[in-house]
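Number of protein chains: 2
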Amino acid sequence: MNELRARTRGPVHVIGAGLLGASVGLGLRERGVEVTLEDLSPTTVALAADYGAGRVRTADDPAPALVVVATPPDVTADVVERALAAYPEAVVTDVASIKLAPFLELTRRGIDLTNYVGSHPMAGRERGGAVMARADLFKARPWVVCRDHETPAEALALVEAVALDLGGVLIEMTPEQHDRSVGLVSHLPQVVSSLLAARLASATDQAIGLAGSGLRDTTRIASSDPELWVQILGANRQPVVELLDAFGADIAAFADALRDPAQAGAKRRIADLLAEGNRGVARIPGKHGSSEHFTTITVLIDDRPGELGRLLTELGELGINMEDLRLEHSPGAQIGFAEIAVLPEVAERAVSDLVERGWRTL
Amino acid sequence: MNELRARTRGPVHVIGAGLLGASVGLGLRERGVEVTLEDLSPTTVALAADYGAGRVRTADDPAPALVVVATPPDVTADVVERALAAYPEAVVTDVASIKLAPFLELTRRGIDLTNYVGSHPMAGRERGGAVMARADLFKARPWVVCRDHETPAEALALVEAVALDLGGVLIEMTPEQHDRSVGLVSHLPQVVSSLLAARLASATDQAIGLAGSGLRDTTRIASSDPELWVQILGANRQPVVELLDAFGADIAAFADALRDPAQAGAKRRIADLLAEGNRGVARIPGKHGSSEHFTTITVLIDDRPGELGRLLTELGELGINMEDLRLEHSPGAQIGFAEIAVLPEVAERAVSDLVERGWRTL
Chain A
-2 MNELRARTRG PVHVIGAGLL GASVGLGLRE RGVEVTLEDL SPTTVALAAD
48 YGAGRVRTAD DPAPALVVVA TPPDVTADVV ERALAAYPEA VVTDVASIKL
98 APFLELTRRG IDLTNYVGSH PMAGRERGGA VMARADLFKA RPWVVCRDHE
148 TPAEALALVE AVALDLGGVL IEMTPEQHDR SVGLVSHLPQ VVSSLLAARL
198 ASATDQAIGL AGSGLRDTTR IASSDPELWV QILGANRQPV VELLDAFGAD
248 IAAFADALRD PAQAGAKRRI ADLLAEGNRG VARIPGKHGS SEHFTTITVL
298 IDDRPGELGR LLTELGELGI NMEDLRLEHS PGAQIGFAEI AVLPEVAERA
348 VSDLVERGWR TL
Chain B
-2 MNELRARTRG PVHVIGAGLL GASVGLGLRE RGVEVTLEDL SPTTVALAAD
48 YGAGRVRTAD DPAPALVVVA TPPDVTADVV ERALAAYPEA VVTDVASIKL
98 APFLELTRRG IDLTNYVGSH PMAGRERGGA VMARADLFKA RPWVVCRDHE
148 TPAEALALVE AVALDLGGVL IEMTPEQHDR SVGLVSHLPQ VVSSLLAARL
198 ASATDQAIGL AGSGLRDTTR IASSDPELWV QILGANRQPV VELLDAFGAD
248 IAAFADALRD PAQAGAKRRI ADLLAEGNRG VARIPGKHGS SEHFTTITVL
298 IDDRPGELGR LLTELGELGI NMEDLRLEHS PGAQIGFAEI AVLPEVAERA
348 VSDLVERGWR TL
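If you read the protein sequences in the order shown, they are chains A and B. Each residue of the first sequence is one higher than the one before, starting from -2 at the first, in my numbering. Each residue of the second sequence is one higher than the one before, starting from -2 at the first, in my numbering.
FYI, nobody ran anything at the bench for these hints, they're computed from the structure. Relax, there's no trap hidden among the hints.
Computed footprint of chain B on chain A, listed as stretches where at least three residues anywhere in the stretch have a Cβ under 8 Å from a Cβ of chain B:
1. 169 to 178
2. 212 to 226
3. 239 to 245
4. 306 to 314
Some, not all, of what chain A presents toward chain B, calculated at C-beta under 8 Å:
5. ASP133
6. ALA198
7. GLU273
8. ILE281
9. ASP321
Glycine included, each C-beta is placed from N, C-alpha and C at the ideal position.
I would like the entire structure built from these sequences, with the hints used as guidance.
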């Protein structure tokens, strides 16, 4: 990526040299932007510098044009306040996963927020730390930028330049819109998945033995870090509580309709709720932002290295583009299933071509 | 598979020539077992016969050794009763996805159930009908067989022979155990996923635009057929209502802990509930029935046919066996991420080998 000229005007100062901060540094350094680093931990900042995320800031360094605050969410407001005071000419942004709480806290303190533009790159990894940092981390991920009517165009442009240089997909929202949105598409699913998985903790081995791909899908994110989520959910309390209350009411209404089948319209009510789920899931963008439905082809594959690769290579040779792919194994089985989503118009040809080449499809 | 001698002693008579019935017929025919077919619809039975699932039963046919009832769950008890009366020498089984309701109904009617053995192959497809039937449908899937102390060994052996001939993985349970188990691992996740997705039906486009893989995973099964699920959930009412009540109480407790952070131990309670989710999800068997954890490697892939195939072919060349694979795309992006699960001991080598071959990993 070195050959591409950076949009970002430096120097950029990154406070907090963990996964996100170090990844911002790495990505900007690749574009030739000057980056300085700071962290409460001397070890962390030295490590990030060693990995190439920038150099440790000294008193002699010139004032930065932009400060990126990449600390845990519960200290974001404090660090933003200090950065605005320390670098009065600089634009300050943060990358915390909640946007309203820090904004309200700064406003409550009477801080002039002209130079502050909050942002949230929707990227992360299960394991944190500068060691896991990558220049590519934000590539192709939504990057939310929050502004209000007071935000100067130049300040906005500078934060957007960083997002674009790092390959993010820009999305503009108010802090309220952002927090409600992530509450719905990220925080609610996290709690629901965790609590669904929690019910398996005391299940019989027999029951667990019948688990299929449906259960695996719905509980996959339940393996997330509890400590991090206590912090995120606490900082987005109000929208999440409202969403949980509404969802809990839906669960209760469903249970009630199921409990008493003699009620007039009970079956209809259950069917309506399930159909509403059909409509909701159809709205989730798949690839390329579209929500169109794909046709799924299931192919049997032997469980040995290279078999799936051979299948996908042959799909490539046949000119069939996969829109999605899932693998499934049953316990005790020496065979797997590859579920391949393709555009409906190529599905029939894909199946007949694969069968002709000796693949078994379901 | 023709060369393998069937365990199943025929003739086998299949009542209900839809997806499951026709698949049983196809699989047994491949093993050379004599199969006759019957269906309320003359078109359906003729179609299944045309596909090779067996021949349409006539009055001249000899009595079957085994009858497989593959009708919708709400008529299973009626059809089993008629089959036991019509073929008093035959063993009768069914493949309905709930097991207690038909058993209780038959018992209530005072039917002698010595020759009845309920079963449930955990297989299915989103689209039904004989057209979708496959001899491979049950391959490597759990096949639950329910018996009680009265079940004669020969009757049990005959039903198990069918399950094994069709490639299923045998699991023995009582009807109560079966229904509670599928309630937990299949019916509860279905309702939870549907109701979570239902909340997206009225969401803003903005919010939906931030959807990531977590939301996609948790709501994937929400696209299931409402009519079929009204029938399944209605037939397993009591366990599902109990599970929904317990799950709803968990949701309410979580919301309460989050609502009032000043409560003593509120944060701890939230962390404990999330950690219980960690424990629950760790119990779900992955491949080969093990619940060990894999290490996930994320590889960036360009969005064009053959790229993923090339990656997986190279993994095969490197001797690295994938335990699981997921693809992820962000809206608007021309790049995708392949998340590859491997055994922890090969993860480091896999990454360095891939990077050496020019792949970008996260």
